[in-house]
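J.: Residues per chain, in single letters:
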Amino acid sequence: MGTATERREEAVSHEGMSYLDSIPRRVATTYLPLAVFLFVLLFPFYWMVMTSIKSNAELISREGNPFWVIAPTLEHFRHLIMDTDYPSWMWNTVVVSVVSTFTSLAASVFAAYAIERLRFRGSKQVGLAIFLAYLVPPSILFIPLAAIVFKLGLFDTRWALILTYPTFLIPFCTWLLMGYFRSIPFELEECALIDGATRWQILVKIILPLAVPGLISAGIFAFTLSWNEFIYALTFISSSEVKTVPIAVVTELVEGDVYHWGPLMAGALLGSLPVAVMYSFFVEYYVSGMTGAVKE
Amino acid sequence: MKSLLNNRHFLGLLFMLPAAALLLVFLTYPLGLGTWLGFTDAKIGRAGHWIGISNFQYLAGDSVARLSLFNTLFYTVVASVLKFALGLWLALLLNRNLPFKSFFRAVVLLPFIVPTALSAIAFWWIYDAQFSVVSWALVKMGLIHRYIDFLGDPWNARLSTIAANIWRGVPFVAICLLAGLQTISPSLYEAAALDGATPWQRFRFVTLPLLTPIIAVVMTFSVLFTFTDFQLIYVLTRGGPLNATHLMATLSFQRAIPGGSLGEGAALATSMIPFLLAAILFSYFGLQRRKWQQGGRD
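Top to bottom, those sequences are chains A and B. The first sequence runs 286 to 581 under the working numbering. The second sequence runs 102 to 399 under the working numbering.
Just to be clear, a hint being listed does not mean it is correct.
[Said to hold, decoys possible] Which stretches of chain B does chain A cover? Using the computed rule of at least three CB atoms under 8 Å from a CB of chain A, they are:
| id | region |
| --- | --- |
| 1 | 157 to 169 |
| 2 | 174 to 180 |
| 3 | 243 to 253 |
[Claimed, not checked] Counterexamples of contact, computed for chain A against chain B with all Cβ distances above 10 Å:
| id | residue |
| --- | --- |
| 4 | 319 |
| 5 | 327 |
| 6 | 332 |
| 7 | 345 |
| 8 | 352 |
| 9 | 354 |
| 10 | 368 |
| 11 | 369 |
| 12 | 408 |
| 13 | 427 |
| 14 | 509 |
| 15 | 512 |
| 16 | 540 |
| 17 | 552 |
| 18 | 561 |
[As the list claims (entries may be wrong)] To give an idea of the chain A side of the interface with chain B (calculated C-beta under 7 Å), a few residues:
| id | residue |
| --- | --- |
| 19 | 510 |
| 20 | 545 |
| 21 | 546 |
Since the hints were made in silico from the structure, they are not lab data. A virtual CB, placed ideally from N, CA and C, is assigned to each residue, including glycine.
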């Protein structure tokens, strides 16, 4: 210990130069903890899958190894699709998420462009207000919102959700898009203005094409946020056929004290799949959306 | 008309209109209405009358409400500290030179993107008193002799819900901090290494100071989400056993919606605002420091 070479080797081992580490050391300090993290983070999903394809008899059997399935069955999925309202819950979730995402995205594009590029009088304050709106949690809004939804006659309709989800989607999307618009050079707009383009043409033909990655990020993130939304849907919806998947699985599939774990897990799994698939296609956009909103 | 459309102040307001309308009607107005409701005796289906601070006085003397405040603070502090520690650790691990790095990063984030209500159901089953797979494994290993009653005992339930919350929150913290780590120039580490800094010193004097601004923001969000958490508790315990896991959000839901006392529920929700403001101010100062560190204005 202590020779110059050794010290140097140890010194450069940090971060990007860790390939100089000895193999056992790397295993102990990097791979082993990482494996434990991955196991814990992914185990509930594995468990969901296993439970959803076990027969009822196997679920309550005390024999054998619970980590594996002996006779896999799709019975729980069949039960969900044929005997419950699951398809319509799924459809409701899709409709509500897609419509509220696109509405919010459209409103956010205009708002972000106005705040970031038109710089109208008071735009700075509006930008700050948007950020503050982003920090208002649904848990303190759902009670007064329930009163408003009821007064508007929207209670127990999809419109209740489509109109209230933008309250958390618009602040997020606007904030994210403001960051993207900021990165587009002003000179492009100035050229277009000199060539006689209107603001509308600039927005549609110059800004939006350049902001496509930002639009995808904001859209993906907004979609998962609305898909996962819980407290509004729980409060504003009471009929089974209007419920969204997260609410319906929790309220409709639990009957009394007998928990039907198979269908519950199958329902949870099916309800998670669309966001997981979407996410897997757009990981980079999702991550940049999430971290972008935090970093800006 | 044409000149009006080229006036950026007018056009700016026009462009703001859809977002502003939605946010004013469904965010600003309810925020005010919620505060007002907290000072009334409104019930479902009956408009309330102003009753001053009676709701707050009542809640201050209500043992369940006081317990929910304790639970919320305990839940937030323990979960946030552990989410930060584990998240930072995971971020540092992912920042190393790994094969399949982007794959790991993508997989790690899964708990965060899946609907919490649905992953909470998986935890519910993992925590089952009779069929818990955790108990099964521990019994087989000979570590315990009786199945653990995860959600039936007050302290077990508190810790179990906190564990589930950490499971969901660690990926968010880790991926955001990883994004921060990746902006730190490797040449700083090289310079520190040449000056003879040990790995701990490089972490303490290079990584940590440069990461502080983003830590401040990420943890503010994390604290905000945790403090106002609802779905995890609603699915796992509904506040039980003996109200041991009731958070302020779940209790205000229970009092307002199934219980019908909108005023009381709103008062509980309003009581969360001072705590949230404290978190936001914390974030604000975190952001200030960031500008200063980047040599920016303000």
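J.: Evaluate each hint against the coordinates.
T.: Going down the list of hints, with the structure as the test:
1. Residues of the region 157 to 169 of chain B lying with their CB closer than 8 Å to a CB of chain A number 0, which falls below the three-residue condition for coverage.
2. Using a Cβ-Cβ cut-off of 8 Å, 0 residues of the region 174 to 180 of chain B lie near chain A, which falls short of the minimum of three, so the contact claim is violated.
3. A stretch counts as covered by a chain when three or more of its residues have a beta carbon under 8 Å from one of that chain; for the region 243 to 253 of chain B and chain A the count is 0, and the coverage is violated.
4. Chain B draws residue 319(A) into its interface by the beta-carbon criterion, the shortest separation being 5 Å against a cut-off of 10 Å.
5. A beta-carbon of chain B is positioned within 10 Å of the beta-carbon of residue 327(A); the least distance is around 7 Å.
6. Distance to chain B contradicts residue 332(A) as a non-interface residue, since its nearest Cβ pair spans about 6 Å, not more than 10 Å.
7. Listed as a non-interface residue, residue 345(A) fails to keep its Cβ farther than 10 Å from every Cβ of chain B; the least gap is roughly 7 Å.
8. Here residue 352(A) does not stay apart from chain B, with its beta-carbon only about 7 Å from theirs, under the 10 Å limit.
9. Consistency note on residue 354(A): stated as away from chain B, and its beta-carbon is indeed over 10 Å from all of that chain's, at 13 Å minimum.
10. With a minimum CB-CB distance of about 19 Å to chain B, residue 368(A) clears the 10 Å threshold, and the non-interface call stands.
11. With a cut of 10 Å on Cβ distances, residue 369(A) stays outside the contact zone with chain B, its closest approach being about 15 Å.
12. At roughly 6 Å from the closest C-beta of chain B, the C-beta of residue 408(A) falls inside 10 Å, breaking its exclusion from the interface.
13. With a least beta-carbon separation of about 7 Å from chain B, residue 427(A) fails to lie farther than 10 Å from that chain, contradicting its non-interface assignment.
14. Non-interface call for residue 509(A) relative to chain B: violated, since the shortest CB-CB distance, roughly 5 Å, does not exceed 10 Å.
15. Its beta-carbon lying about 6 Å from the closest one in chain B, residue 512(A) breaks the requirement of being farther than 10 Å from that chain.
16. Every beta carbon of chain B lies more than 10 Å from that of residue 540(A), the smallest distance being close to 14 Å; the non-interface claim holds.
17. For residue 552(A), the condition that its CB be more than 10 Å from all CB atoms of chain B is violated, with the nearest at approximately 8 Å.
18. Chain B draws residue 561(A) into its interface by the beta-carbon criterion, the shortest separation being 6 Å against a cut-off of 10 Å.
19. Of the supplied interface hints, the one on residue 510(A) is violated, with its beta-carbon coming no nearer than about 10 Å to a beta-carbon of chain B, more than 7 Å.
20. For residue 545(A), the interface hint is violated, the least distance from its beta-carbon to any beta-carbon of chain B being 11 Å, above 7 Å.
21. Checking residue 546(A) against chain B by beta carbon gives a least distance of about 6 Å; that is within 7 Å, so the hint holds.
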